[in-house]
Amino acid sequence: MTTAAVPKARSRGDYAKIIGLIFGVLVLIGIIYGYITNPVTTTAVLASTLRQSTPLVLGALCGLIGERSGVINIGIEGQMLMAAFIAFLANVYTGNLFVAVLAGFATGAVLGAFLAFMSVTLKMDQIIGGTVINILALGLTSFFYQTGLTTQGKMQPIPLGPLADIPLIGPIFFDNPPITYTTLILVMLVHYVLFYTRWGLRTRAVGEHPSAADTVGINVFKIRYINVIIGGGIAGLAGAYLTLEAVGSFERAMTNGRGFVALAVMIFGKYTPFGAWGAALLFGFATALQTQLQFAGQLEIPHQFIGMLPYLLTIIVLAGFVGRTRVPSAVGKPYEKE
Amino acid sequence: MTTQTDSKANISQWLMVFWRSAAVPLVAVILALLVGAIILLISGANPLAAYSALAKGAFGTPIAFGRTLEKATPLILGGLAVAFAFKGGLFNIGGQGQLLVGAIVAAAVGFGIDGLPFIIHMPLALLVGSLAGAVYGAIPGALKAYTGAHEVITTIMLNFIAINLTDFMANGPWKDEGIVARTPAIAEAAAIPTWGNIPIGFFFAVVAALATWYLLYRTTIGYEIRTVGFNSNAAKYAGIGVSYTIILTMAISGFLAGMGGAIETLGVVGRYQPGFNAGLGFDGITIALLARTNPIGVIPAALLVGAMQAGSSQMQFDANVPFQIIDVIQALILFFVSADMIVRWIIRVKPEEGEQVTLSTSWG
Amino acid sequence: MRYTRIWLITVIFFTALVLAACGGAAEQAPAEEEAPAEEAAAEEEAPAEEAAEEAAAEEEAPAEEASADEGDCSSEEVFCVGLVTDVGEIDDKSFNQSAWEGVQIASEAGAQVDYIETGDAKDYTANIELFAQNGYDVIVTVGFALGEATAQAAATYPDIDFIGVDQFQGETIPNLTGLLFPEDQAGFMAGALAAQLSESGTIAAVLGTDLVPPVVAFKEGYEAGALYMNPDINLISTYHPGGLDVAFTDPEWGASTAKQAIDQGADVVFGAGGKTGNGALIEVAGNEGVFCIGVDSDQWETVPEAHSCLVSSAMKLITPGVGELIGMSNAGEFPGGNFIGDVGLAPFHDFDSEVSDEIKSSLDEINAGLMDGTIETGYNPG
Amino acid sequence: MNKTNRPIVLEAKGLTKRFPGVLANDNINLKLHQGEILAFLGENGAGKSTLMNMLYGLYTPTEGEIWIKGEKVEMSNPGDAIDRGVGMVHQHFQLVPVMTVAENVMLGSEITSGGGRLNMRKAIQNVRDLSEQYGLAVDPTAVIEDLPVGTQQRVEIIKALYRHADILILDEPTAVLTPQEANELFRIMNDLTAQNVSIIFITHKLKEVLSVADRIGVLRSGQMVGTAMPEDSTETSLAELMVGRNVILQVEKSPSKPKEPVLQIQNLHVRDDRGHASVEGVDLEVRAGEIVGIAGVEGNGQRELVEALTGLRHADSGKIIIDGREITHFNPRQITELGVAHIPEDREKHGLVMPYTLSDNMVLNKYFKAPYAKGVIMHHDKIDQNGQVLVKEYDVRPPNIHALAQNLSGGNKQKVIVAREFSTPTKLLVAAQPTRGIDVGSIEFIHKQIVAQRDQNVAVLVVSAELDEVLGLADRIAVMFDGRIVKILSAAEATRERVGLLMAGSEA
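Protein chains in written order, with this note's numbering: chain A, 1 to 338; chain B, 1001 to 1364; chain C, 2001 to 2382; chain D, 3001 to 3508.
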């Protein structure tokens, strides 16, 4: 029996893990130090970090669910925008925030189905499919948006009883509006589903090696459809977050490129939910930090340079520590059965 | 396409040939316009009035036609930038940033130097602006080649950085007198003139498209870039420096985008002013996809979109239809052209050989 | 070859457009009962164009416009006013909308009015031309960014009066009036109000971008006013980090930033930055005990979601300013040069009882001081 | 042993499969009896895989019927086949490289514990049980991409058994195995049939068919051209039936006349993609006018060795000398320019640019040189001329230089590479798996070309996992195991058995 030549260990990630650990410890020390010296500001910045990261995490989750099953989704921006619009309309006309959230989710899901139709059934190039959604959403929402529609306001934070009173952690994690909670749960849920359930195993198999999945009787098309639709729903949630939770109103083009940043966050996070969350938090933190630096007002640096911070930081971290990301092998390729 | 149409060939035969290649785009555009018309009807507008106003605004007068060409110019270059990167297996979402950098640097050369003759000043400003775009484009290329950082992320990030950078320059060191954040106007000698109503910049863009095509398909550089784009393993095997080629591809892509910005500055705006170049880089993605990444195809794709943009004001004025409908129609055309399966199913025309385009390989 | 396709698309698209143009003109007549046959005799302009224009005006024109005479703008009797927006929409709850409302005042007086929304900053000239070529009598252009295009057009069309909102005129052109506002004074009042309302001693401002001069003026005035009332006040303010194309349309950033400020003790937030600022106002509305101050117009009307916090707005009265200038043009008394419009604080509405008489009187004093020059905001745009 | 009196478990009646423009299977009839090993013999492209894919529900037959265990079945996907007890081990393994053995085995028939949660512990135990029961040693927690091919194949068999397959289709299972491993597989197959599993065994290796099959069916150009019983057949008779003409099974060559050394490798160390030591101290010499074959099971460092030789991979330490010059740190271009031709192991990954035309592919190693380019300007007429000549000389089909490489068959793709590599003056030829997965005609042709190169004083290094190929071609045979050359044998010393044992790591 020849089992020789089996490599001894899988060591590729070790180096990165150590650096990640050091980085994490440094961040933790920084947070604790900040909390000791200036608890109010630290809490405010970290809470802002979480808020800024929420639409990005949701967008990234949308992207990664799709890509894990082999479908590129660069239409996240459009899905978010359209869902934000429909959620807003639902809020205006029903006055029921829950219905509005559902409307947002459904809108995202419908666009997800459209993307799946283009990339799975029509076998169109997936980047074109996403671009169609982006332009279409921008055009339709701007075209049909009317002024004078007002809502009953937005979702308010729900403190989670005594948890919200824990210093530092309480105000940041346990005093949030519903979609933010949902996002935190979704990060864990998607992680769980992707890596610990039958559905996740099949999804990853379809994204890596669709014919292997096909040969054991898994319906590749169905898996891709459902994943892209659910992903669209999650992007729709991000849109609903914008209109129902963050702002309370809709404005044209209000996504402002967040869908694209979410894409970056997804790749940055190496196609894992927690990775994406971490990347989004980093991004949110840099955004909150640049606001805080302007608040402080002591720096003699033009605010544009402070404004570059999130983007520069992302590039530095990406180039310095993360490096190459392993993309699901079958991503972007339509599956041809015969 | 069959070009040797025998003079004796009967017309019906010729029509068949024409139909076979024209059918899909024809039907795609008609479908897009039809769906657009339905949307217009829903919103209570008159589609015919809207479309006729659009046509008038794009072609109705020589001035209108000039504006169509003017609009198409940065679209051609932005589209070329994206298409060129696709050929090298890279997805350059950073056209916007490269364009902004090109625009502001061209402006700096335009207003910063005095007394040069036109024949030197204008080309110099154009070249330096384009080169600035090239340098800015080479950054994500180098990051990709040496650290593996994905160009989709880095180009998106660099877009934001470019906005901040140009805003800072236009409101800081290079700010014009007065309270408005913008650079001084460029010198007369740096301006790209118009020829009657025809902007000369358009011809630069067309030349750039032809040159890009030539570079890609007739030179060893293009061969290397395409080889890396299609199969970087084979490129390595063939002794092509893959890292170098990636950087070069991004630099040329950035050069094209930067040139788009420079022409806007030198030929249209006359200075750099924040907000005057918004969205052009992103339109480049659409153009490249419409053209199926073919450098020559970029020209008509840009003309199509440019015409719609140029006509949109007239459409507002004559038919009171908001300009955003243009985006909708654009998306629909892109959809129907790409989803030729649908169109073929409707009109039953078989696909031509080798028509498949895959861009998504540039993802991984 | 592959790309022949796209060439064909273009050709076909244009053909389709031309066909639509012909078809459009032909089919419109039966569709629109009021098709103006008499217009065929119109003097200079292409008849097809007018037919389309008329027809469209019928369908889409806002209610206010319906009363307007459907006359030919190039004729002497018909007074026509056109408005070109800055990049953005007519219903932006901000300066475009305020200016348009000013134009509508003229419409009530019998003028024929229309607007064009600008989608691309490079279209300013073209959009102005559309009105100019159609014989409009007054053209309103909104925003400092249109200054150059407006000045050029004013030189080309000396018979048309131009009103440039937020456009400073360095030299006087008789048929061009820049409508300017001392935003710093409005900001000063808002700052003084905020400083007096604040109990925590921290007040915030969430701003658009410093690329736009009026925003800077509001900010500087706000800070000066707050410090005037309370030299120890803690001011936290921030501009949007993005470029001009997003700085005013990012309500999510506005909301989150307002929240970040509230979290560190700010109890008055000044939202000055179009939709970005509106996002901040709505966010503040959800927080007990925090006031918000709007900008440009009385945002009580434009952002109802913020009623629970909106104590006032730092107004620049664009609407009456535009209305007044149009009236002057119609009367043949167009001033040219710079015209300074009014600024001030909007009514307190529901908060009237919460704002003490003491504060009200101090604001009156400040207002008087600003008027007679005894109080200076310290803002000097150079 | 005749098992035809046993019950029929699977029957195909008049199966036909048409693809656009191709008749892949034409009216095929077959019967499989319980516990029988039915071998299908046929060249690459004969339609074996199409037939099996229909039996496995991957393709829907254009015409004809499939009966399983006495029931007529309509299968629209592999799930239907699996439900009826049909299992298949594909030639190209259908395993997800980044997943573990256990995950791959249960994929599609997962063991879950409520709510869709995977029960990994149970899955691992299941795999352990199966591997013990059938003697298929595999670590269930290992990740597939870390496993050697032989082990991956065992995973595939376990996958089928896990699904309770009693009809097993094995598509070219021995292509990547050592003779010992193949024998082990045959033992497993016999064990399986003893437990009433029926096996369809697809191969193009004649020896194996004769030793293991109960019955033999031969496919050619999509048609069943004959059936035979192993006891009535010889290799030659089967080969003729398979190819349709006389075939020379031996590579014809004269004794070698080795001259000066061209390639010298000294104590070479190379790492693989994951940074593990892969080549660990190789010494080897190849002389002009001789063919040195490297035999070995895949994954023992051959790939890394070849890549280091051709500049595609950095060597950690040691020296590579070609024609007296040390080239250890040269890049691929510099090495090619020294006169090194390289037929890469993976023709689609390294050898060809699929969306390029044949003529573009045929200048991949010289596009930058005159007359194909002057400066940076390429001369397409010259490039096309070159293509035209080579296409004719190497009998590439279709003989259309503007055809895209991706539309060619495997054999023709390989011919394009061979034509290109032989079209420049060569001192050293490095050929890795030069005939993998291509038809007999092309194999013969390429073998002849390699020998012809040798006879023109080229030093040739052939790396192949096909022991027969190495034995047939090489003048000297170096056996590689675990990153080292364990033995170098002359052609005369090298017997299948001896080399096979060396390949498996046992010192002969």
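Bear in mind the hints are in silico, worked out from the structure with no lab data behind them.
Computed from a prediction, not measured in an experiment: that's the story for all the values here.
The C-beta atom is built at its ideal place from N, Cα and C for all residues, glycine as well.
Just to be clear, a hint being listed does not mean it is correct.
Listed below are several chain D residues computed to face chain B (Cβ distance under 10 Å; list not exhaustive) [claimed, not checked]:
#1 Ile3327
#2 Asn3331
#3 Gln3334
#4 Glu3337
#5 Val3353
#6 Pro3371
#7 Tyr3372
#8 Val3376
#9 His3380
#10 Val3486
#11 Leu3489
Verification of the supplied hints:
| no. | hint | verdict |
| --- | --- | --- |
| 1 | Ile3327 | violated (13 Å) |
| 2 | Asn3331 | holds (7 Å) |
| 3 | Gln3334 | holds (8 Å) |
| 4 | Glu3337 | holds (8 Å) |
| 5 | Val3353 | holds (5 Å) |
| 6 | Pro3371 | violated (13 Å) |
| 7 | Tyr3372 | holds (9 Å) |
| 8 | Val3376 | holds (4 Å) |
| 9 | His3380 | holds (7 Å) |
| 10 | Val3486 | violated (29 Å) |
| 11 | Leu3489 | violated (31 Å) |
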